[in-house]
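Numbering (the numbering used here), first residue to last: 1 to 83.
Think of the hints as simulated: they come from the structure by calculation, not from any bench. One thing to keep in mind: the hints can contain errors.
Unchecked claim - Beta-carbon label-pair distances, calculated as ranges: (1) S63 <-> L28: 17 to 23 Å; (2) D10 <-> H35: 38 to 44 Å; (3) P58 <-> H35: 42 to 48 Å; (4) S78 <-> L53: 34 to 40 Å; (5) L53 <-> E15: 19 to 25 Å.
Each residue gets a CB set at the ideal place from its N, CA and C atoms; glycine is no exception.
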Amino acid sequence: MIYNVTRTDDVQPGEFVSAVVIAPGKDLARRSVAHLPGVKVTGKGRNVTAEPLDTTGPVRLVSVYEDETPTLDDALTSDEYQS
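Build out the structure end to end from the sequences listed, making use of the hints.
Structural data, given as structure tokens:
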């Protein structure tokens, strides 16, 4: 089964936010991210949930990765990059 694993509390910078996991059950899907920063998968205070993704329904975009490196033009014109 494919699961969408997400945090249920406020995420701090550098901490785990979400993942798409292939696992034989919800518990194992949650445990697959246990080693990531900010995650508590067991006991009181658990802050991760795993929901199955419907693979029989309409097409869904699961994950997108974008390069956040600024272009040279952005770097030359943005106040953020000039010092």
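Out of the numbered hints, which ones does the structure contradict? Hints 2 and 3 are the ones this structure does not satisfy, whereas the remaining hints hold.
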